[in-house]
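Residue numbers (this note's numbering), protein chains in the order written: chain G, 1 to 307; chain F, 308 to 561.
Please note: incorrect hints may appear among the correct ones.
Distance windows between CB atoms, simulated [what the hints assert, rightly or not]: (1) F:S484 - G:Q3: 55 to 65 Å; (2) F:Y494 - G:R82: 23 to 33 Å; (3) F:I549 - G:G113: 26 to 36 Å; (4) G:P45 - F:S484: 29 to 39 Å; (5) G:R139 - F:Y494: 45 to 55 Å; (6) F:L520 - G:M14: 52 to 62 Å; (7) G:E116 - F:L526: 49 to 59 Å; (8) F:A423 - G:Q185: 35 to 45 Å.
No wet-lab data here; the hints were simulated from the structure. C-beta: ideal position from N, C-alpha, C; glycine also.
The chain contents come next:
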Amino acid sequence: MKQHALEISNLRKMYKGELGEKDVLGLDDLTLTIPRGEVFAFIGPNGAGKTTTIKLLMRLMFPTSGSVMILGESNASRRAMRKIGFLPEQPRMYEYLTGREFLDFTGRLFSLGKEERLKRSDLLLKRVGLGERGNALIRSYSRGMMQRLGLAQALMNEPEIVILDEPMASLDPVGRKDFRDTILQLKAQGKTIFFSSHILSDAEMIADRVGILKEGRLQRVADLEALTDLGTSAVEVTFRLDQEKQGRIGDSWQKVAVQGGQVMIRLPDRKQLSRLLSDVQSWEGEIISVVPVRQSLEDIFMAELGR
Amino acid sequence: MRILAVMENTFKETIRNRILLNILVFAIGLILLSLVIGDWSLGEQSKVIKDFGLSAMSIFGLLIAVFIGIRLMVQELEGRTIYIIASKPVHRWEIVTGKYLGLALTLAVNVLLMTAALLAAGWLMEGTIDTALLPAVLLIYIEILLIVAFSLFFSSFSSPVLSAIFTLTVFISGHLSGYLHDFVKLYEDRGFHWLLKLIYYVVPNLEKLNIKLAVVEHLKTGPHAVVLGAVYGLSYVLLLLIFTSLIFEKKDLK
Ligand SMILES: Nc1ncnc2c1ncn2[C@@H]1O[C@H](COP(=O)(O)OP(=O)(O)O)[C@@H](O)[C@H]1O
Ligand SMILES: [Mg+2]
Numbered sequence: 001m002k003q004h005a006l007e008i009s010n011l012r013k014m015y016k017g018e019l020g021e022k023d024v025l026g027l028d029d030l031t032l033t034i035p036r037g038e039v040f041a042f043i044g045p046n047g048a049g050k051t052t053t054i055k056l057l058m059r060l061m062f063p064t065s066g067s068v069m070i071l072g073e074s075n076a077s078r079r080a081m082r083k084i085g086f087l088p089e090q091p092r093m094y095e096y097l098t099g100r101e102f103l104d105f106t107g108r109l110f111s112l113g114k115e116e117r118l119k120r121s122d123l124l125l126k127r128v129g130l131g132e133r134g135n136a137l138i139r140s141y142s143r144g145m146m147q148r149l150g151l152a153q154a155l156m157n158e159p160e161i162v163i164l165d166e167p168m169a170s171l172d173p174v175g176r177k178d179f180r181d182t183i184l185q186l187k188a189q190g191k192t193i194f195f196s197s198h199i200l201s202d203a204e205m206i207a208d209r210v211g212i213l214k215e216g217r218l219q220r221v222a223d224l225e226a227l228t229d230l231g232t233s234a235v236e237v238t239f240r241l242d243q244e245k246q247g248r249i250g251d252s253w254q255k256v257a258v259q260g261g262q263v264m265i266r267l268p269d270r271k272q273l274s275r276l277l278s279d280v281q282s283w284e285g286e287i288i289s290v291v292p293v294r295q296s297l298e299d300i301f302m303a304e305l306g307r
Numbered sequence: 308m309r310i311l312a313v314m315e316n317t318f319k320e321t322i323r324n325r326i327l328l329n330i331l332v333f334a335i336g337l338i339l340l341s342l343v344i345g346d347w348s349l350g351e352q353s354k355v356i357k358d359f360g361l362s363a364m365s366i367f368g369l370l371i372a373v374f375i376g377i378r379l380m381v382q383e384l385e386g387r388t389i390y391i392i393a394s395k396p397v398h399r400w401e402i403v404t405g406k407y408l409g410l411a412l413t414l415a416v417n418v419l420l421m422t423a424a425l426l427a428a429g430w431l432m433e434g435t436i437d438t439a440l441l442p443a444v445l446l447i448y449i450e451i452l453l454i455v456a457f458s459l460f461f462s463s464f465s466s467p468v469l470s471a472i473f474t475l476t477v478f479i480s481g482h483l484s485g486y487l488h489d490f491v492k493l494y495e496d497r498g499f500h501w502l503l504k505l506i507y508y509v510v511p512n513l514e515k516l517n518i519k520l521a522v523v524e525h526l527k528t529g530p531h532a533v534v535l536g537a538v539y540g541l542s543y544v545l546l547l548l549i550f551t552s553l554i555f556e557k558k559d560l561k
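Start from the sequences and build out the full structure, keeping to the hints where you can.
Next comes the structure, spelled out in structure tokens:
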């Protein structure tokens with residue numbers, strides 16, 4: 001049986017207002033299925049409901065309605081939780097422990113044996129780039145180091161699904177790159193990754209799919225593979241053609257730009273490309289470039305959020 | 308075991324806390340200071356020291372209990388460390404129980420150190436170690452366990468300041484339980500009668516855990532009173548832990 005990594009059904013969260021305050025909608029009717037092995041980016045501006053969703057997934061909060069299934073089991077089951085690694089937003093860890101002690105502690109919460117914990121702490125400290133700093137008190141860590149340790153603790157149980165809330169928020173450029181590498185490594189191992197961000201470019205480089213959230217509602221799920229699939233995208237053809245010969249083009253093609261002896265034509269469908277190329281030859285024109293244009297994630301993002 | 312992990316971690320947290328250490332040093336200092344006071348009071352010196360010492364132990368034990376009990380919960384919840392812990396495959400009651408046991412261990416260490424100071428003071432005075440004090444110490448410890456269970460309970464649903472107020476209210480009304488009983492009778496026809504009655508029935512009678520005077524005076528207390536007191540106190544603790552766990556189990560960690 002093929003189970004999905006995450007199956008979120010009609011998930012809704014209303015924050016009850018304290019005495020006299022109004023209730024606040026945190027998340028409205030989210031239905032979303034994440035297949036195994038996918039890297040899913042959950043994108044939206046601050047206050048969109050990303051953290052709300054993730055806390056509901058992790059059962060840190062309880063939904064007003066709706067349900068979450070993890071690998072075919074309710075997220076209320078501890079067996080399901082054993083397969084998840086979780087990094088909260090701006091993670092905080094016990095400051096009176098060293099990074100290594102903290103990893104050991106989380107390992108115990110996963111009921112790992114002592115040797116296993118030692119081995120994995122060592123490995124993970126290296127992997128997230130903390131290395132020797134693992135023996136320093138967490139009190140002395142910068143925000144970026146906390147984020148790195150947070151990622152390490154999320155991987156202590158070698159989880160099948162990794163859920164990360166704003167994992168790149170306090171990382172410097174090097175940290176971001178390290179982080180992306182780690183995500184890609186995890187993906188290569190077949191892990192499922194669900195992460196949130198308010199920054200679009202975080203998603204563009206590593207995600208398979210992107211969900212765009214706004215004011216508690218999922219606006220759209222975009223498949224990045226499809227977006228970047230050249231087979232279906234439009235094409236822009238630029239060629240040189242003497243100005244006196246440009247009349248030959250006629251109305252059969254839609255000119256996007258003409259600049260002196262240069263003409264650019266956009267083809268909504270690349271199937272017409274070979275016809276255009278032979279036309280250009282017959283006009284005695286000279287092809288300069290054929291460039292696929294794709295709708296960028298940013299176009300979609302702006303379109304969804306601008307509404 | 309997961310509870311054990313939480314317990315050890317809590318113990319580490321509390322003993323690495325400098326403020327706690329300060330209170331403890333102060334308490335021990337005060338107990339030893341009683342030697343000086345004892346010197347002034349003619350004849351009854353050793354009794355005064357013991358009485359004073361036991362009282363100091365119970366007051367400081369209480370302060371430490373309220374302080375670390377509430378602080379621990381605040382730090383966990385508002386310090387957001389709870390997100391990492393509660394998202395692990397752990398039951399929330401295991402977290403509550405582990406934390407409680409960790410606190411209990413810290414408090415045990417505190418009480419032991421204060422007891423050592425008290426016995427040392429007595430020994431300096433009399434040249435003997437008065438083991439008759441130990442049953443009183445045990446009951447003081449149980450009272451502290453009870454108070455810290457209350458502080459965890461209140462913190463599971465109210466703000467730190469309110470929790471501290473509630474816990475102190477329990478402490479005071481628990482010691483005035485006997486008077487409370489009289490009040491309930493006296494104000495039978497008043498509007499707030501139900502409140503007095505509620506407090507009287509819900510709040511444990513902490514005087515049952517107070518045998519200080521008896522041991523200082525070397526009156527017979529018998530193992531009976533001690534065992535009964537211990538069972539009484541620990542039953543309350545168990546009940547409170549169950550309630551705290553139930554509340555915590557359903558709590559949105561916003
Ligand atoms: N504890 C809370 N109490 C009341 N409202 C909240 C609480 N947490 C979040 N919200 C509200 O829920 C909405 C979603 O917030 P959140 O999930 O934190 O967004 P994001 O993580 O995308 O920035 C916001 O309108 C926010 O004000
Ligand atoms: Mg957020």
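To see whether the hints hold, each was checked on the structure:
no., hint, verdict
1, F:S484 - G:Q3: 55 to 65 Å, "holds (58 Å)"
2, F:Y494 - G:R82: 23 to 33 Å, "violated (56 Å)"
3, F:I549 - G:G113: 26 to 36 Å, "holds (31 Å)"
4, G:P45 - F:S484: 29 to 39 Å, "violated (57 Å)"
5, G:R139 - F:Y494: 45 to 55 Å, "holds (53 Å)"
6, F:L520 - G:M14: 52 to 62 Å, "holds (56 Å)"
7, G:E116 - F:L526: 49 to 59 Å, "holds (57 Å)"
8, F:A423 - G:Q185: 35 to 45 Å, "violated (55 Å)"
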